[in-house]
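What follows is each chain in one-letter form.
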Amino acid sequence: MAKYKRGKCSFSFSTRPVIAAWASIAGKKESQGPLAGSFDKTFRDTLLGQKTWEQAERKMQELCLRTLAEKAGLHAWEMDLVYSGDLLNQCIGSSFSLRNMNIPHLGLYGACSTMAESLLLAGLTVDGGYADRVAAMTSSHFASSERQYRFPLGYGGQRTPTAQWTVTGAGAALVCSEGQGPRLLCGTVGTVRDLGIKDPGNMGAAMAPAAYATIRTHLEDLNLTPGDYDLIVTGDLGQLGKDLLLELASRDGLELGGKLADCGTMVFDNTRQDVHSGGSGCGCSAVTLCGHLLGQLSTGKLKKILFCGTGALLSPTSTQQGLPIPGICHAVAIGGGAS
Amino acid sequence: MDYGKAFLVGGLFCLVGQILIDRTNFTPARILVGYVVAGVILGALGLYQPLIDFAGAGASVPLTGFGATLARGVQEAVRQKGALGILTGGLKATAGGITAAIFFGLLAGILFKPRDKA
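If you're matching them up, the sequences are chains A and B in order. Sequential numbering from 710 applies to the first sequence in this note's numbering. Sequential numbering from 2 applies to the second sequence in this note's numbering.
There may be inaccurate statements among the hints.
Claimed, not checked - Take a look, some chain A residues computed to stay more than 10 Å from chain B by CB distance:
(1) L756
(2) Q889
(3) G905
(4) N932
(5) E964
As the list claims (entries may be wrong) - In silico EDC-like links for lysine to aspartate or glutamate, alpha-carbon gap of 16 Å or less:
(6) A/K737 <-> A/D983
(7) B/K114 <-> A/E763
(8) A/K737 <-> A/D749
(9) A/K968 <-> A/D937
(10) A/K737 <-> A/D754
(11) A/K712 <-> A/D978
(12) A/K1013 <-> A/D937
(13) A/K1012 <-> A/D937
(14) B/K114 <-> A/D930
(15) A/K737 <-> B/D117
(16) A/K737 <-> A/D937
(17) A/K760 <-> B/D117
Don't read these hints as lab results, they were simulated from the structure. Where a beta carbon is used, it is the ideal one built from N, C-alpha and C, also for glycine.
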């Protein structure tokens, strides 16, 4: 019998691992948005002096890990393990950034849910006593994602009204067995949901059912109500997906209003930044968590949040073959330093 | 007056394209090919030439105009060479447009680098 399992797919962390440090790197558009002040480093040249967008994304993760180590007062090689992933084919943003770094690495693909997925796994690894310092990291880049999922920028395609803007940025959190900082309380591993949305320009709608399923399961499994959290924050549903999630919840009689926020609508100001339905990408929830949210948790402005990373598990091939887009969402509850 | 007509008709083609982008989930590539095919059909039925006579470049420059030229090329080649024209006429009539697209595409590719739109 699993000691820490709760309900169907949730668990609680017995030792409440600490997020001892966090770091965020953000691009030009993100540093003009509402969360500008919360990022550790920003840059205006979105190629970061590299030849390709993919190498720029790799460079972002390198910078992010280095910043994380600096903030934690460690050398990068003193980390026991890095869980990281990104949106590029075979996750080259993550693996290339760790080349010759002498840090154990487990690569992940959870689409845009990677920040929550890596944080959950880092928490479990530390909680289980298998490591002391584990980094969870991910990134996305607007230009490399456009090439990966839609069209290369040189093609000059038009964006649809439901489209979201991939965040150019990287975020990393260092989960430790001891130290000061926000703590991981409990988590829920999501199930893959597919309600038949086929439009890759409308991923908010594809992910909203998964987000709702995970939030509901989380509350049921751990016998909680939305009132137990200051904020339930989804990864990158965008305005449209957030509205759909609220609708799904209210149909079931679950009141999320007032508690629900979405990183995709927080990271950009849609009234002046023309991002259509909001931000998206692994970097969207990563820079919002590892900049704004963890900052607010450590200063006590937020006491307890449910961070729900949402991912659209499509591939360019599945889109070209006309298959619908499955969604997933992983939730992890984080409490402020004192709790 | 000619500019006005060209603007009106060309603009209408763009308006239809924008509505297709906004209201359907057709990809830009599908809309693009759809425009060419629609031009071929309208051209083959003889419905597109009156539009070109009315609006000039407003009807011949959009992709539907390319489709209509394909159809007209095939018709002319069939008249001159018989059935072989079905295979040769289309590309012959549109060779200028295709070569220009390839050449200017190459030129732009050499001279410019796409940038992040942020």
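Quick rundown of the hints versus the structure:
1. L756: violated (8 Å)
2. Q889: The assertion about A/Q889 holds, with a minimum of 36 Å to chain B.
3. G905: Fine: 13 Å to the nearest Cβ keeps A/G905 off the interface.
4. N932: With a cut-off of 10 Å, A/N932 remains clear of chain B, as the shortest Cβ separation is near 41 Å.
5. E964: Holds, because the least Cβ-Cβ distance between A/E964 and chain B comes to about 32 Å, which exceeds 10 Å.
6. A/K737 <-> A/D983: With Cα atoms ~14 Å apart, A/K737 and A/D983 stay inside 16 Å; holds.
7. B/K114 <-> A/E763: holds (15 Å)
8. A/K737 <-> A/D749: holds (13 Å)
9. A/K968 <-> A/D937: Given that 16 Å is the threshold and the Cα spacing comes to 10 Å, the pair holds.
10. A/K737 <-> A/D754: holds (7 Å)
11. A/K712 <-> A/D978: violated (44 Å)
12. A/K1013 <-> A/D937: With Cα atoms ~8 Å apart, A/K1013 and A/D937 stay inside 16 Å; holds.
13. A/K1012 <-> A/D937: holds (10 Å)
14. B/K114 <-> A/D930: Violated, at roughly 52 Å.
15. A/K737 <-> B/D117: holds (10 Å)
16. A/K737 <-> A/D937: violated (36 Å)
17. A/K760 <-> B/D117: holds (13 Å)
In this structure, the earlier hints numbered 1, 11, 14, 16 are contradicted, and the remaining ones agree with it.
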